[in-house]
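Peer 1: The chain contents come next:
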Amino acid sequence: MKTVNVHAHVDMELCSGCVTCEKVCPVFAITVGKKEGKLQVDIDESRCMGCMNCEQRCPEHAISMKPCPPYQLATDVGRFDYNKIEDLCRKAHFHPKQAVCYCTATRAEEVAAALLAGARTPDQIVLATGVGAGCGIECNQTIMRFLQAAGIAYEHPKRSYQWYGRTITAWEVPEELKKSRSVFRFEGDLEVFERVVNAPNPRDNRK
Amino acid sequence: MQRKPLTPAPPRKSQYGVDPKYVAMRGAELENITSVGLRELVPDLPDVIYPNGQGPEVVRRATEKALSHVDFSKIKDGATVNILASHHGFTFLGGVPYAEMLRTIKDVVQRETKAKEIRLRAGVGMRFRETEEYIKSHGLDEHFQGKAKGMAPIDAGVPIETELGTLYGLKAAYDADVIIHAHNSDVREVHFHRQVDRAVKPFGMSYARVETRSTYHWNLGPRAANFVARAIFDSPFVQDKFSFSVFAMMSPMGLVGVDADNDLYALNDRVTIDGMKYYGKIITLLSNIDECVVVLDFPCPVPYVFAAGVIYANLVASSKDLDLFDLDNPLPGYTWYTETYYDDRGKPLIPEVPPVNPAIKCVVHNYAWTGYPAAFFAEQTPTIVVGKEQAEHFDRDPMNQQYMKHALLSDNLKSAMNFAYRVSGADKVIIFDGCTGGVNVSVPLADYLKQIAPDVNKRVESVLLPKWLAQRNVDPAMAAMVA
Chain F
1 MKTVNVHAHV
11 DMELCSGCVT
21 CEKVCPVFAI
31 TVGKKEGKLQ
41 VDIDESRCMG
51 CMNCEQRCPE
61 HAISMKPCPP
71 YQLATDVGRF
81 DYNKIEDLCR
91 KAHFHPKQAV
101 CYCTATRAEE
111 VAAALLAGAR
121 TPDQIVLATG
131 VGAGCGIECN
141 QTIMRFLQAA
151 GIAYEHPKRS
161 YQWYGRTITA
171 WEVPEELKKS
181 RSVFRFEGDL
191 EVFERVVNAP
201 NPRDNRK
Chain P
1001 MQRKPLTPAP
1011 PRKSQYGVDP
1021 KYVAMRGAEL
1031 ENITSVGLRE
1041 LVPDLPDVIY
1051 PNGQGPEVVR
1061 RATEKALSHV
1071 DFSKIKDGAT
1081 VNILASHHGF
1091 TFLGGVPYAE
1101 MLRTIKDVVQ
1111 RETKAKEIRL
1121 RAGVGMRFRE
1131 TEEYIKSHGL
1141 DEHFQGKAKG
1151 MAPIDAGVPI
1161 ETELGTLYGL
1171 KAAYDADVII
1181 HAHNSDVREV
1191 HFHRQVDRAV
1201 KPFGMSYARV
1211 ETRSTYHWNL
1221 GPRAANFVAR
1231 AIFDSPFVQD
1241 KFSFSVFAMM
1251 SPMGLVGVDA
1261 DNDLYALNDR
1271 VTIDGMKYYG
1281 KIITLLSNID
1291 ECVVVLDFPC
1301 PVPYVFAAGV
1311 IYANLVASSK
1321 DLDLFDLDNP
1331 LPGYTWYTET
1341 YYDDRGKPLI
1351 PEVPPVNPAI
1361 KCVVHNYAWT
1371 GYPAAFFAEQ
1381 TPTIVVGKEQ
1391 AEHFDRDPMN
1401 QQYMKHALLS
1411 DNLKSAMNFA
1421 YRVSGADKVI
1431 IFDGCTGGVN
1441 VSVPLADYLK
1451 QIAPDVNKRV
1461 ESVLLPKWLA
1471 QRNVDPAMAA
1481 MVA
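Line order of the protein sequences matches chains F and P. Quick note on the working numbering: the first sequence kicks off at 1 and runs consecutively. Quick note on the working numbering: the second sequence kicks off at 1001 and runs consecutively.
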C-alpha cells in the first residue's frame, strides 16, 4: 500500500520532446506526441503514482512534482480466499507477511491479492499495491516473480525502459555452479530463504 | 586534556537534502564532545596521501604512477572509451581525490593511446541526479569536453548473457569499444557485500539495470548475491570491452594511494585484504560499543553518513555478538534481506533474524538526506529528527513516506540531545559527521574506545582476520605481503 501525495507536472517551455519521461515511467502514465503540430506531453493523473522517475531523468529539468490530494494504492487482502493468497506467495517463494518493497513496506499477501483481483501486468500490480512506486528499482523482481507464479507471461514493452524481464532466483542456480563457487554460500542462503518462506504465518487471515 | 572536536564535513546543497541554511548547529558543537584520532585507536592504520596538507596534485601523481604499470593495448586507434565511475567515490573528502583520479585517467589515456573519444559515465545508487550534481560541482563535464554524464538504473538497458542467465547492464555504460573501471576501495556497504568481490560490485550495481540490482537484493540471498557482479564481469560481453581498473585505495584515515591493474581479480584481492585489516578493526571496535546515542550529521542518506571512515549502516548491522565479516553469519542485523523478514507487526518471521544493533539506544537525526528507503532504521531504533523542514522533506520522498511515522520531531539539536540523553540513559555519543582522521564522540565514549581498542586490535589480528581471509580463499601469505 502506498499513499500518493505528489503528481508529475511538465513545464512545456522547457520540454524538448526527448521522450525520456515516457520511457522511464513504470506505469506508462506519460505520452509524448504532437497536437496540431505542437509538442504535447500528456500525464495521466489517474496512473501517476508519484515515483519521480520522470522528474529525476528529464534532461531539461522540465518536470516537477506537485502536491495532490493524498490517495492510496492498495488492495484489500480480506476480499480473497487466504488459501489462494498463501499458495501464490509460497509459489513465488515469499512469506505472505514479509515485505516485498522496502519503500512502501507492502506485504507479499497484498501483491497476491492484486493478482487474484485481476492484475496481469507489472504496471497493474504497481497501481494496485504501491509496490515499485518508491525507488522504482529494488523490488522489480518481486513483481516479476509473482507474475510467473501466477502463470502470466509478460513481454518487455519495446518502447519502454521498464520491465526488461525476470531473472534467476536461488531456486534455479545450477548445482555445479553452487559447488564450484562455495565462497558465495548459495546453499546456506537457500536454506535461509526456505525457512522464511515456510515460517508459520503469525496472523493467518484464513476465513 | 580532551581534544577539540574535529571539523565536520559541511552540509551540501542538493535536491536530496534540506537547504544547508536549515542545518543550524552541528553535532560537533554540542557540549561534552571531544575527538579521538583514529591512529590512537588503530595504530597501524597506513599513512595517507590525502588529506595531508597538499592539494589534489598528489592524487594526480599517484594515479599517473599507478597507470604507468598498466597495459593500454586494448585501446586501439580510433576506439571509444568509457571510464565507468560511481557516486560513492564522490562522497569521500568532498569528492576531491576521486574527481582528480578520474580527470587523470582521462588525461593519461588520451596521452598514451589514440582513442577517438574518452567519456565519463558515472553511475548512481537511488538518487538518480546525484552524480550529475558531482559532475557539475567538480567541473568534470568541462574536463571531458561535454562527454561526462550520469547514468541511472532506470535508463536504457542492454541484456548480458552470464553464468546466471540473462542479466541487464546500462546501455550507456557499455556503449563504447572499451571500458575502464574507476572505483574506490573503502568497505562502505559491507553489510551487503560482506567484503566478497568488493572491487567487482559496481558491475552488478552502478553499471547495472534495476532487474540486476533487484536480483542482487531479492533473488539470490544475502551472501550468494555477491556472485551477480562476478557473473556480469566474467561475461564475454564485458570481457570483450574491459581494459583495466583504477581504484582510489582508502583507509578510514583517507586516501592511501591509487592502484591500477589489468587484472581486476588481483586488485580485488588487495582490496579485500586492506579492507578487512583496516576497516575490519574500526568496524569491530565500533560494534563493541556497549550503548550509545548516535547523531546523524552528514550530507548523505541515513545509512551512508560517515564516522571513523565507516558508514552508519555498518554500526546498525553489526553488534558485539554479530561480526559482519564472518561469512558464517548469513544475516547481518541490517540488510535488505533482513529488513523484509519482519512481519507487519514488526516481529521477525524466523528466530534467526538478528536484531538491529541493540547498543544504539537512540538516534538524533540532525542532518541526513532522503533518496534511500530508511523507515526501517527509525522503526527499529528511537529516532528524533531535528527541524520540521527536514521532516517535510522526508514526507515528500516516495522512498520515505513511512520514516516520520516512526520518528519524533524536535525544533533544535540541543533539545533533541537532551531528550535522547534522558530516554536512553546513555552518556556515550558518536557523531556521524564525516570528519577525517578521527571521530567526534562524547568524553565517556572517547575513554571507552581507548580502553577497549588494544584488545579489539589484537583479536582482529590473531583470530578474526585469519578466519575472514580463509573464508574468502585469500592466501594469508599474500595478506602479509600486501600489509
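Hints were generated in silico from the structure; no laboratory data involved. Computed from a prediction, not measured in an experiment: that's the story for all the values here. Don't take each hint at face value.
[As the list claims (entries may be wrong)] Restricting the straight-line Cα-Cα distance to at most 27 Å, the calculated cross-link-like pairs of lysine-lysine (DSSO-like) are:
id	chain 1	residue 1	chain 2	residue 2
1	P	K1149	P	K1136
2	P	K1414	P	K1347
3	P	K1136	P	K1013
4	P	K1147	P	K1076
5	F	K91	F	K34
6	P	K1147	P	K1114
7	F	K178	P	K1467
8	F	K158	F	K34
9	P	K1388	F	K66
10	P	K1241	F	K158
11	P	K1147	P	K1013
12	F	K66	P	K1136
13	P	K1147	P	K1136
14	P	K1405	F	K66
15	P	K1021	P	K1074
16	F	K158	P	K1149
17	P	K1065	P	K1013
18	P	K1149	P	K1171
19	P	K1076	F	K66
20	P	K1076	P	K1065
21	P	K1074	P	K1171
22	P	K1241	P	K1149
23	P	K1467	F	K179
24	P	K1004	P	K1347
25	P	K1004	F	K158
26	P	K1076	P	K1116
27	F	K66	F	K38
28	P	K1021	P	K1004
29	F	K84	P	K1149
30	P	K1065	P	K1021
31	P	K1013	P	K1467
32	P	K1388	P	K1361
33	F	K66	P	K1013
34	P	K1467	P	K1450
35	P	K1065	F	K91
36	P	K1171	P	K1147
[Unchecked claim] Partial list, derived from the structure: chain F residues whose beta carbon lies under 10 Å from chain P:
id	residue
37	V4
38	F80
39	K84
40	F184
Note that beta-carbon positions come from the ideal geometry of N, C-alpha and C, so glycine has one too.
Peer 1: What hint numbers does the structure not satisfy?
Peer 2: Hint check: 2, 5, 15, 17, 19, 24, 25, 29, 30, 31, 35, 38, 39 fail, others pass.
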